[in-house]
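K.L.:
Assemble chain D onto chain X, guided by the hints.
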Amino acid sequence: MDDALVFEPSPDVIAQQVADETVLMDLKTEAYFGLNETGTRIWQLVSDRRTVGEISRSLADLFDAPAPRVREDMETLLAELQESGLIHTAVAAGPRQE
Amino acid sequence: MSYRQVVDHLDMAFDEHRNQQYRDALAKHIGPDSVVMDLGAGIGILGFIALALGARKVLMIEPTPAIHAARNVARALGVEDRIEFLNKPVEDCGELEPVDCMVSVFTGNFLLEEDLLPSLFVARDRYLRDGGILLPDFATMALTPVFVPAYYENRIDRWQTPVSGIDLSSLRSFAANSIYPVTFGDPASRLLAPAVDFFDLDFNTATSSKCSASCTVTINEAGTCHGLLGWFSARLGDTWLSTGPEAPGTHWSQVLLPVSEPFSVEPGDHLEVTIDRPPFGEWTWSVTNGETSQRQSTFLANPRAVADFGRKTEGFRPRLNAEGDIARNLLAAFDGKKSRAELADMARSAPGSITAEQSRRLLDNLIQMFADTGS
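The listed protein sequences derive, respectively, from chains X and D. Quick note, the first sequence lines up with residues 1 to 98 if you use my numbering. Quick note, the second sequence lines up with residues 1 to 375 if you use my numbering.
Chain X extracted, bound-state conformation (with noise of 0.2 Å):
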C-alpha cells in the first residue's frame, strides 16, 4: 500500500466503542463487524483521515512491535475492511492541518 493512501469509513457504517474494542454495523448490508484493540485504533485513526504511512508509524509507536510486522497486519486489516465495504479510499486527500 501507497505511505500517502487515504481511507474513510464508509458513510453507511456505524460505530460503536466499548472500552478497546468496536462494533462496526452496515446500514447497507445489515452486518456486524468486530475490531480488537489494534483495530480499534487503526479505524480511529482511518476515522481522522490519516494516511498510511501515518497509521503504520503511529501504531509502531504504540505496540513497541517490530514495524514490518505492524505493517502487514495493518495492511491485512485495511484491506478487508475496504473489501468488506466498511472503508473506502477518499476521494480527495488534502494536505492535513496540524
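Don't take every hint at face value.
Coverage of chain X stretches by chain D, computed from C-beta distances (three or more under 8 Å per stretch; other residues unrestricted) [what the hints assert, rightly or not]:
| # | segment |
| --- | --- |
| 1 | 10-22 |
| 2 | 49-56 |
Here are some, though not all, of the chain D residues that point toward chain X, as calculated from beta-carbon distances under 7 Å [to be verified]:
| # | residue |
| --- | --- |
| 3 | Asp276 |
| 4 | Pro278 |
| 5 | Gly281 |
| 6 | Thr284 |
| 7 | Ser297 |
| 8 | Phe299 |
| 9 | Leu300 |
| 10 | Arg304 |
| 11 | Val306 |
| 12 | Phe309 |
| 13 | Ala350 |
Over the 12 Å line for every Cβ pair with chain X, so calculated as not near, a few chain D residues [claimed, not checked]:
| # | residue |
| --- | --- |
| 14 | Asp24 |
| 15 | Gly31 |
| 16 | Thr205 |
| 17 | Glu282 |
| 18 | Arg328 |
Just so you know, these hints were derived from the structure itself, not from any lab. Every residue gets a Cβ at the ideal spot worked out from N, C-alpha and C, and that includes glycine.
P.N.:
Using the frame of chain X, we list chain D on its own:
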C-alpha cells in the same frame, strides 16, 4: 410491548376508539357466511366483535397463553362452537380453510418494531381467499420535528448530572440513540412543522417490512428541535386509524427519535430526514439542517461487545457448549414416549457443568419451543 400476561392486554382491549374503528370496518365486510381470521388474537376481542357482527366462524391464532383466556371468554359468551383456537405461530398452522377477512393488530408504536408484519404476509399468502380483505390493509408512517424541552431534559440530558457524586455523563450517548414512547400533549411542547408521511406499506402486496425512506420537512414554527415525533396510521376498509398527536387517543403512543445535539430552527428551514430499519433490525435516523447533519441509531443505544457480535457475522462457526450438548440429547429423546419427569432426570444427570436450575430451565425452553402439543 409484551402481551404474555392477560393483564398486559388491558390497555389494548379497553381501547374503545380502536375497537370502534375495527368494529365499523368489520361490519362492512362481514356476512353470515364469513370466515374471519383473528391473527395474533390475544384475548380475542376482535374475533368476538366479528362473531357479534354475525361471522359464521373465527379462527383465533395466538401463540401465547393468552388464547386460553380467550377460550374462557368464548365459553362465557356461548360462542365456543364458532371459534377454532390455534395456540401456535401462524407459520406453524398448516392447512386451514381460506378466510374472507383477516384482522390483525400487528402494529407497534412506530408500526414496525414488533416485527409481526412478516407473519401477516405469510398468513395473507396462505389463508386469505381471492377477494378477501385484510383489516388493516395499508399503513403509513409520519413524523415531524418537535420541541420537547422537559422530556429531553428528563430523559437525555439528565445523564449529564452527577448522581450520588458519580459522573454518568459518558452514558448520555446511549440515551440519545434510544427511541422513546411518548404521548405528545405537554403544554410546553410544540410541533415545529406540518407532519410528513414518509413511508407507506401496502399489506396487500408487501413481502417485506423493510423501511428505508427520506423526506423533507419544512419548519413553520421557530424553536429548538429536540428530535422527531413519529407515529403511524392504518387503513381499516375506507377509514383511517391514526395514532398521531392530533388524533383521538389510543393505547398506542407516539415515539420520540431524539437528536444528540438539539438545534434552533426558523420558519422556512428545510430539514432532510432519513429513516432506516431492516426487519428485526436497528432503527437509524438522520436529520440534516443546512450543513449540519446528525445521525442516531438504536445500534448505539446499548453497549455492544465484539464477542456478542462475532456470533452474527457470516464467518462465525458455532460449536455446541455444554448446555447445547445436553439440549441436543434431550431433543433426540423427544420421541413421544419419555415423560417430562424422565427427561428432567436425564437433564439433571447429564455430564457437564450446568446447574440443576439451568437444566430445568433448558428443558422448559426446549419443550416450549419444540414439543408438538398437538393443538
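K.L.:
Compare the structure with each hint and give your call.
P.N.:
So, going through the hints one by one against the coordinates:
For the segment 10-22 of chain X, the stated coverage by chain D is satisfied: 5 residues place a CB nearer than 8 Å to a CB of that chain, which reaches the threshold of 3. Closer than 8 Å: that is the beta-carbon criterion, and the segment 49-56 of chain X has 0 residues meeting it against chain D, so the requirement of 3 is violated. The interface hint given for Asp276 (chain D) is met, as the beta carbon of that residue sits about 6 Å from the closest beta carbon of chain X, less than 7 Å. Interface restraint check: Pro278 (chain D) against chain X, minimum CB-CB distance 5 Å, threshold 7 Å, status holds.
With its C-beta approaching chain X no nearer than about 6 Å, Gly281 (chain D) sits inside the 7 Å limit, and its interface hint holds. About 6 Å separates the beta-carbon of Thr284 (chain D) from the nearest beta-carbon of chain X, less than 7 Å, and the hint is met. With a cut of 7 Å, the hint placing Ser297 (chain D) at the interface with chain X holds, because the nearest CB-to-CB distance is about 5 Å. Below 7 Å, beta-carbon pairs count as interface contacts, and Phe299 (chain D) has one with chain X at about 5 Å; its hint therefore holds.
Interface restraint check: Leu300 (chain D) against chain X, minimum CB-CB distance 5 Å, threshold 7 Å, status holds. Below 7 Å, beta-carbon pairs count as interface contacts, and Arg304 (chain D) has one with chain X at about 4 Å; its hint therefore holds. Interface hint at Val306 (chain D): satisfied, since its Cβ lies 3 Å from the closest Cβ of chain X, which is below the 7 Å cut-off. About 4 Å separates the beta-carbon of Phe309 (chain D) from the nearest beta-carbon of chain X, less than 7 Å, and the hint is met.
Taken as an interface hint, Ala350 (chain D) does not check out: its beta carbon lies about 32 Å from the nearest beta carbon of chain X, beyond 7 Å. The claim that Asp24 (chain D) is not at the interface with chain X holds, since no C-beta of that chain comes within 12 Å of its own (minimum 39 Å). For Gly31 (chain D), the non-interface assignment is confirmed: its Cβ lies about 44 Å from the closest Cβ of chain X, beyond the 12 Å cut-off. No beta-carbon of chain X is positioned within 12 Å of the beta-carbon of Thr205 (chain D); the least distance is around 23 Å.
Non-interface call for Glu282 (chain D) relative to chain X: violated, since the shortest CB-CB distance, roughly 7 Å, does not exceed 12 Å. The non-interface label for Arg328 (chain D) is consistent with chain X: the shortest C-beta to C-beta separation is roughly 27 Å, beyond 12 Å.
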